[in-house]
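Same order as they appear, the protein sequences are chains S and R.
Using full-length UniProt numbering, you'd call the opening residue of the first sequence number 1 and step up by one each time.
Using full-length UniProt numbering, you'd call the opening residue of the second sequence number 1 and step up by one each time.
No lab work stands behind these hints, which were simulated from the structure alone.
Among these hints, one or two may not hold up.
No more than 25 Å apart at the CA atoms, straight line, and that leaves these computed lysine to any residue pairs for SDA-like [as the list claims (entries may be wrong)]:
{"no.": "1", "chain 1": "R", "residue 1": "93", "chain 2": "S", "residue 2": "34"}
{"no.": "2", "chain 1": "R", "residue 1": "243", "chain 2": "R", "residue 2": "334"}
{"no.": "3", "chain 1": "R", "residue 1": "67", "chain 2": "S", "residue 2": "34"}
{"no.": "4", "chain 1": "R", "residue 1": "246", "chain 2": "R", "residue 2": "331"}
{"no.": "5", "chain 1": "R", "residue 1": "93", "chain 2": "S", "residue 2": "120"}
{"no.": "6", "chain 1": "R", "residue 1": "246", "chain 2": "S", "residue 2": "300"}
{"no.": "7", "chain 1": "R", "residue 1": "250", "chain 2": "S", "residue 2": "34"}
{"no.": "8", "chain 1": "R", "residue 1": "93", "chain 2": "S", "residue 2": "30"}
{"no.": "9", "chain 1": "R", "residue 1": "243", "chain 2": "S", "residue 2": "299"}
{"no.": "10", "chain 1": "R", "residue 1": "250", "chain 2": "S", "residue 2": "267"}
{"no.": "11", "chain 1": "R", "residue 1": "93", "chain 2": "S", "residue 2": "76"}
{"no.": "12", "chain 1": "R", "residue 1": "246", "chain 2": "S", "residue 2": "297"}
{"no.": "13", "chain 1": "R", "residue 1": "41", "chain 2": "S", "residue 2": "33"}
{"no.": "14", "chain 1": "R", "residue 1": "250", "chain 2": "S", "residue 2": "295"}
{"no.": "15", "chain 1": "R", "residue 1": "246", "chain 2": "S", "residue 2": "307"}
{"no.": "16", "chain 1": "R", "residue 1": "243", "chain 2": "S", "residue 2": "373"}
{"no.": "17", "chain 1": "R", "residue 1": "93", "chain 2": "S", "residue 2": "455"}
{"no.": "18", "chain 1": "R", "residue 1": "67", "chain 2": "S", "residue 2": "307"}
{"no.": "19", "chain 1": "S", "residue 1": "267", "chain 2": "S", "residue 2": "465"}
{"no.": "20", "chain 1": "S", "residue 1": "82", "chain 2": "S", "residue 2": "24"}
{"no.": "21", "chain 1": "R", "residue 1": "246", "chain 2": "S", "residue 2": "30"}
{"no.": "22", "chain 1": "R", "residue 1": "243", "chain 2": "S", "residue 2": "465"}
Just so you have them, the derived chain R footprint on chain S, three or more residues with Cβ under 8 Å [stated by the list, open to error]:
{"no.": "23", "region": "266–276"}
{"no.": "24", "region": "279–286"}
{"no.": "25", "region": "397–404"}
{"no.": "26", "region": "459–470"}
A quick note: this is a predicted structure, and the numbers were derived from the prediction, not measured.
Even for Gly, the Cβ is constructed at its ideal location relative to N, Cα and C.
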Amino acid sequence: MNLRPGRWPASYPLALVIALLAFVPVGVLVGLASDSAQLFDAHNLKVLTNTLLLMLFTVLGSVAIGVPLALITAYVQLPWRKFWLILLAAPLAIPSYIGAFTLYAAFGRGGEIQQWLGLPMPTVNGLAGATLVMTLYSYPFVMLTTRASLLSLDASLVNAARTLGMTIGASLWRVVLPRVVTGIAAGALLVALYSLSDFGTPAIMRLDTFTRVIFVEYNAFGLSQAAMLSLQLLVIVGLVLFLESRVRGSKEKPGRHLTLWPSRGHKLMMALSIAPVTLLAIVLPLLVFGTWLLREGTGGFDATYAWNSAHASFLAALVAVVLAIPVAHAAIAGRAGRFMERLTYFGFGVPGIVMGTALVYVGLQLPLLYQTLALLVLAYVLRFLPLAVGSVRSTAEGLDPSLVKAARLLGASPREAFQRITLPLTLRGMVAGAALVFLEAMRELPATLMLGPTGFETLATYLWRVYEAGYFGRAAIPGLLLVLMSALGLALMLSGERRAEFDVTGK
Amino acid sequence: MQRRAFLHNLAAVGAISCLPISIQRSLAAEAGAVSVDELPKLEGDLTLYLGRGEGGLYENVLEAIRKRNPNLNLQIRRGATAALANSIVAEAKAGVRRADVFWAVDSGAVGLVSDAGLARPLPADLTGQLKPGFRYPQWAPVSGRIRTLPYNTERLTPDQIPDSVMALADSEFAIGWAPAYASFQSFVTAMRLLQGEKATEEWLRGVSRNATSYAGELGVVMAVERGEVDLGFANHYYTLRLKNGKPDAKVDLAFTNNDAGCLVNASGILALSEGDLPINFIRYLLTREVQSYLATEAYEIPLVNGVKPPQGLPPLSTISPPKVDLTQLADLRPTLNLMRRVGVL
């Protein structure tokens with residue numbers, strides 16, 4: 001960008017305000033926690049252990065599933081490659097608490113599986129259950145990031161290794177994997193963040209993690225204790241974010257990538273190893289919901305829940321994209337802008353329950369905002385703004401700056417150049433970013449429970465209510481709708497920003 | 001038979017307003033409670049904070065009231081009873097008032113709000129309809145419930161279950177409970193008042209060795225029925241409702257003797273804002289129609305004079321509940337601290 005020295009780019013002041021806004025919740029929490037909270041006790045230690053173990057096991061599980069699947073989807077020549085890729089990425093469209101809900105109901109004595117097949121099944125709960133659920137729904141993060149790295153490799157090194165007598169397995173292990181470690185790490189860190197911030201899964205699996213204990217404290221209106229726990233959780237989140245910023249691998253010149261032709265036996269083996277994952281993560285929830293739908297019908301469901309979900313999420317997506325534009329442009333314009341952008345990323349690391357705790361307090365101080373849709377939308381925006389920023393920035397970065405320069409040369413004002421050149425060309429990124437925010441806001445649970453206006457029931461809160469009351473059958477319609485809408489959002493997102501990544505290249 | 005059919009009809013469509021005249025007369029013969037027909041229409045905006053835990057049954061009552069009063073704009077905020085009680089107090093502190101009426105599934109939460117001086121006094125003719133022993137100046141009990149021990153009939157026989165709740169702390173039964181649930185917290189408060197802080201702490205520690213936590217008490221009863229645990233702590237109606245839907249359910253009720261384990265508690269309602277509307281809304285919940293509905297469909301114990309108790313519950317005369325003033329159950333804070341200290345919350 002052409003800047004006059006000594007002057008800030010136009011996007012800076014706005015971006016600064018937005019970045020500071022993103023930091024408000026943390027300030028509120030510090031204020032609340034200094035009130036009268038106990039810093040640490042024996043129970044806290046158990047909660048900390050549970051939280052860290054869940055994170056660790058989920059990351060290990062996701063890597064164990066995600067990396068082999070990345071190898072298969074990237075290199076192995078299979079019929080219907082695109083179909084397999086979409087099927088294996090599909091758990092991303094299912095909020096993990098829906099998985100937890102259906103797995104919990106399906107397993108155990110008298111669970112759905114026992115009712116279908118008459119086989120007694122072990123109960124799925126606790127740390128093992130939560131790990132299983134979190135792994136099933138977050139391995140696609142690892143699979144997608146690893147796959148992207150794999151596709152950027154040049155196969156000639158593997159070919160060299162093969163000519164020198166290394167087996168295919170050994171060359172994958174010793175030549176390919178070390179070069180995609182950064183990709184694996186990026187996915188693993190996303191998984192870690194996700195497992196730290198999720199509330200529904202530990203709650204349904206009855207595992208005391210930070211998010212669940214914060215919710216209990218909030219329910220007893222121990223706001224200061226909830227704030228203290230939130231800050232402890234944020235320290236862990238901060239550490240993970242710091243680690244993420246450390247992992248930035250060098251880029252390799254992309255070349256022709258590896259293609260593997262499996263034998264019939266290999267195909268069978270792969271199918272057998274993929275089947276349990278897909279069965280548990282996708283087929284089982286849909287079957288359970290289907291059974292409930294047949295058994296109990298659509299009773300109790302009101303179409304306004306879906307409308308409320310869509311409405312609030314749409315507003316959040318809109319606001320987030322509008323705010324993302326100055327932040328993204330500031331990030332491109334210079335170092336200070338990049339720092340401001342980093343600040344907004346903090347919101348994404350703040351779990352919904354923590355954001356909710358902080359904003360309930362803000363609302364109580366500003367009665368005009370308390371229990372309004374505006375406050376709920378603000379919570380969504382603060383949490384999911386980075387998704388929009390990332391999307392807008394990556395398209396804006398890809399823009400050829402000479403186009404803007406040409407427009408300026410031809411006499412367009414900076415505003416006109418922005419409106420007529422930059423804006424239309426970054427529209428796709430904005431749509432993708434908006435879709436991503438919409439998707440996340442739609443399934444957000446704890447902040448919605450805490451901040452929603454009176455009588456404002458969304459698909460997610462209705463699901464939670466049904467779960468708490470034990471009327472599982474009524475979860476079928478909202479559950480299926482949520483999955484369907486998530487899938488649409490995911491499709492829209494993939495068709496925009498990540499087209500390149502998803503394109504099955506090598507054709 | 002006609003009466004049952006009518007009540008089922010009420011359950012299905014929630015239409016209090018379409019009673020045939022003859023049935024109204026036969027109900028009126030029971031005396032005591034007022035009929036909805038005698039009440040004024042409700043008009044205006046009313047925000048109700050509704051303690052969660054009753055699933056669809058309270059909803060059906062509210063829906064029926066809405067249908068009958070088209071000019072009533074009733075907004076409902078649902079949440080855990082204790083959370084809502086705390087919210088109301090926190091809102092009052094911040095100078096914000098959102099709720100006009102608070103219907104709690106538990107009298108402890110009601111006491112928490114009325115102790116904060118937020119409840120408006122109720123007129124004497126309203127409280128006078130209630131059974132003696134359930135008349136309070138600040139709030140109205142809507143329905144009663146008894147603490148029970150639901151047990152799995154395949155795993156336990158009645159004589160294996162001690163008749164003292166305190167004895168369960170030393171037992172090796174697998175126990176299900178819902179520590180975050182308001183009724184459970186009131187039960188612990190009652191234990192604290194009856195047995196003292198120390199004994200309660202030891203009891204909590206003892207039981208938590210073999211306890212599994214559930215989100216709500218229906219969850220507890222379902223877990224008992226599935227055989228996930230041997231027995232649990234829950235209000236009586238969850239078991240009766242489960243057995244109503246599934247007659248061969250492997251669960252039955254046991255009662256302890258004269259201790260917190262068989263505490264009789266009540267769901268209650270109070271008015272937070274001035275005016276006739278909240279009071280008249282409360283009157284609707286105490287009508288014969290709503291009270292009979294809650295007794296037959298929700299298996300709750302009606303607290304208004306002259307409405308029959310639910311089926312399947314042993315006669316109240318055979319149960320020996322402890323003597324606890326329900327308003328004292330409001331002393332929730334020490335209970336929460338205690339539960340937190342033991343690590344069950």
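Here is what the structure says about each hint:
| no. | hint | in the structure |
| --- | --- | --- |
| 1 | R:93 <-> S:34 | 19 Å, holds |
| 2 | R:243 <-> R:334 | 36 Å, violated |
| 3 | R:67 <-> S:34 | 49 Å, violated |
| 4 | R:246 <-> R:331 | 38 Å, violated |
| 5 | R:93 <-> S:120 | 53 Å, violated |
| 6 | R:246 <-> S:300 | 20 Å, holds |
| 7 | R:250 <-> S:34 | 50 Å, violated |
| 8 | R:93 <-> S:30 | 20 Å, holds |
| 9 | R:243 <-> S:299 | 21 Å, holds |
| 10 | R:250 <-> S:267 | 47 Å, violated |
| 11 | R:93 <-> S:76 | 64 Å, violated |
| 12 | R:246 <-> S:297 | 18 Å, holds |
| 13 | R:41 <-> S:33 | 47 Å, violated |
| 14 | R:250 <-> S:295 | 21 Å, holds |
| 15 | R:246 <-> S:307 | 35 Å, violated |
| 16 | R:243 <-> S:373 | 41 Å, violated |
| 17 | R:93 <-> S:455 | 23 Å, holds |
| 18 | R:67 <-> S:307 | 23 Å, holds |
| 19 | S:267 <-> S:465 | 44 Å, violated |
| 20 | S:82 <-> S:24 | 43 Å, violated |
| 21 | R:246 <-> S:30 | 51 Å, violated |
| 22 | R:243 <-> S:465 | 22 Å, holds |
| 23 | 266–276 | violated (count 0) |
| 24 | 279–286 | violated (count 0) |
| 25 | 397–404 | violated (count 0) |
| 26 | 459–470 | holds (count 5) |
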